[in-house]
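Based on the provided sequences and hints, a complete structural model is requested.
There are 2 protein chains.
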Amino acid sequence: MVKNTQVIFNKIPTNYVPVAGEHMVIHESEFDLDAPLSDGQFMTKQLALSIDSYMRGRMRDPSIPSYVSAFEIGKPLLCGTMSSVVKSSNPLFKEGDLVYSSGGRFEQYSLVDGNEAKDYKIRNESKETGLPPSYSLGILGMPGFTAYVGMMKFGHPKKDETLYVSAAASSVGQLAGQLGKRFGMYVVGSAGSDKKMTYLKEIGFDDAFNYKTDDISTNLDKQCPKGIDVYFDNVGGKTLEAAIAHCNHFSRIVACGMISQYSENPETPHNLMELIKRRVQLTGYIVSDHADMEDEFRKNITQWLLAGEINYKESVADGIEKAPEALIDVLQGKNLGKQIVKVADL
Amino acid sequence: MVKNTQVIFNKIPTNYVPVAGEHMVIHESEFDLDAPLSDGQFMTKQLALSIDSYMRGRMRDPSIPSYVSAFEIGKPLLCGTMSSVVKSSNPLFKEGDLVYSSGGRFEQYSLVDGNEAKDYKIRNESKETGLPPSYSLGILGMPGFTAYVGMMKFGHPKKDETLYVSAAASSVGQLAGQLGKRFGMYVVGSAGSDKKMTYLKEIGFDDAFNYKTDDISTNLDKQCPKGIDVYFDNVGGKTLEAAIAHCNHFSRIVACGMISQYSENPETPHNLMELIKRRVQLTGYIVSDHADMEDEFRKNITQWLLAGEINYKESVADGIEKAPEALIDVLQGKNLGKQIVKVADL
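Chains A and B are the protein sequences, given in the same order. Under our numbering, think of the first position of the first sequence as 9, with each following residue one higher. Under our numbering, think of the first position of the second sequence as 9, with each following residue one higher.
Just so you know, the hints here were simulated from the structure itself, not pulled from any lab data. Check the hints yourself; a few may be wrong.
When chains are identical, the list treats them as one kind, so a pair holds in a single copy or across two.
To be verified - In silico DSS-like cross-links for lysine-lysine, where the CA-CA straight-line distance does not exceed 25 Å:
1. 285 x 126
2. 129 x 285
3. 209 x 189
4. 161 x 285
In C-alpha cells form, the structure reads like this:
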C-alpha cells in the first residue's frame, strides 16, 4: 500500500472563487500497487496536473447543462493530467509510457478501467524532445491547441493588422499573441497585473495594459490606434464590449472562453449592433472539434519551442495538496504563465 | 412650374415611433421643369419610394456615428427611390431611363447634380421583364439582395437543416425564408401579427408564430424541435437571445439588422457564452460590401419570380403625402410585405 492523496470536490461554490477546505478538500487514501489488474486496466502515477479556469464551470449543479460535465461531489477534481504508466494489462499502454488525460483524477495514483482508457493518450514525445512532460498540459496541450485553432482557423491573421488578446498572460493567450507576431501583426495584450504586462512585452507583445488598474477602452484607444482586426476573446462581458467598440470593418472575434461569465451576475455587451455596422464575424469554438489539426499543431509548436522562437512560462505549485490553492490563484489571476501542479518527478 | 410635394425631416424623435406632422412634415414647393440644366445634371420624377425601418436610425443627432449618415433637419427624408428621368444633360442618363437611388429625396421631382449622379443606377429591367419598377425597391433591390447575400454567403444552408427567420414578413425576411426552402431547409418565421403568420405559411414557410402574442422561446421549442441551424437575425436583443438558446452545434447566425436596438433602452442577449458552447458563428454584414454578387442575385431572383417559384407581396401607400404614415406603419409592424409609397405611374 502506498499513500494516495486526493483532491476532492466537496461542495458547490456560490461565489466565483471557491474556498480551499470547504469546496475542495484534501483526502488521504491508500492505493494498492500490487493489486491484480483485469484485462484492459492500467495504473498511473500522476506527474503533473493542469489547473484551468474552466474547472470553475464544472463546479456547478449537475442539472445545468454545459459542454463539459459537472464535477461529482465526493469525487476527485478532474482536469488535464500527465502521468506515467506504472503497471498495465492494457495492450495499448505499456509500463513507462507517458500518458495525458483531459479528465484525469486529481490523486497521486489512479486505477484506470478499460472503458476509461479511451480518455488517455500516449504523449511520449518529451522523451525525444527533452521538453518537460508538463508542456503537454499547456503549450503543447489543450491550451496551446486552443490558441492555435483560434488563430489559424478563425482569426485569419494578416500582416500589419492589429491583434488584441485578453487574458493574454494565460497559457492560451500568450501563444495566441505570439502566433499573431509570427504573422507580422501588431499585438496588444491585457492582463491582470503589472508583472504580467512586463512578461507579455518580454515574450514579444508590442504593447500591454493592466485591465485591473487601467480602463480597457481608454487603453485600446491608446494602444490600438489603427483599431482591432482580430480580437482573441477569453473574457467576454465588458471586455468584449470594449473590443467590439474598437473593431475595424471586417474584423474577426475568436471566442474560446468567457471567464467573466462564470460570476453570479455577469455583464454582457450592449453594443452588438456594432457587429453589423462594423461587419464583424464572431466565431465560438471548442478545440476538441478540431482534432484534424492536432498533428500539425504539435509538430509546429515543438519546432518553434526548440528553436527558441516561441516563449513559454509555467507557474509551478509543488505537491498535489497545493492544487486547491493553485486553482484559486488561477481564478484570482495570480499565476504568471500556465499554472500546473507538480505531483512527482518522472 | 409644377407642384412638388416634399416630405421634410423636421425634428429628432425620442421615442422609437416618430409622429407625422411633428418629426416629419409635408411641404408644398414648386419645381421648374423648364429650367436649363448644367452639364451632368438631370431631372427625375419619382415613381415609388421605399419605406424601411432603418430610416429610423437616420433620424438621430448627426454627431452619433453610424454606417449611414443622419437625416438633415429641414431637408427631405432620404431612402430608396425609383424614378424616371424626365430631362437630362448627363450622357449616362437618358430621358425615359428608369433609375434607382439608395438615397433619393422624398419629393415628387428632383434636380440631380452631376456629383450626385453616382448614387443613381439605371434599372430599366422592368421594361423587359414586365415586373413592376417598384420591385427594385424590394425583392429585386437592397432588401432582396440583403436576404440573398446573408443566406448564400454567410448562412451555409443545408438540406434538412432548420432555418429560423425573425421579422420574417419583412421584404428581407420573406425572401430569406424562401431561399431556405429552395435549399430544402425546414423554415420557421416569426412576425408581429396573425395576418403575417398566415401570409408566411402561404408563401411556403413550414411554420410561423406571432412574437407579440406568443413567447418566443416556447414557440421555438415547439416549432424547431430539431433546434436551429441558421438564424437569420433582423431583430437582435431578446429574440437573438432566444434563438441562441435554441442553436445547434456549428450553427450560423446571419445578422443584417437589429431593429430592437433602435429603442431607448434596448435589451441585449445575456447568453453569449452559448456561442462558444454551441460553436456558433455570428456574422454581421452590410449588403453594399457585396456588389460582386449583385448580377447573379438579380438574374436568379428575376428568373424565380417570373417562374412563380418565389412569392412577393407589396404594401402600397398611394401618394407621397402618405409617406410619414407609411414609415410609422413599418415601425409599428402594420405593413404586410414590402412597404412602398406610390408617387406616380410610369
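Outcome of the hint check:
| no. | hint | in the structure |
| --- | --- | --- |
| 1 | 285 x 126 | between (46 Å within a copy, 23 Å between copies) |
| 2 | 129 x 285 | between (45 Å within a copy, 24 Å between copies) |
| 3 | 209 x 189 | within (12 Å within a copy, 53 Å between copies) |
| 4 | 161 x 285 | both (24 Å within a copy, 17 Å between copies) |
Of the numbered hints stated above, none is contradicted by the structure.
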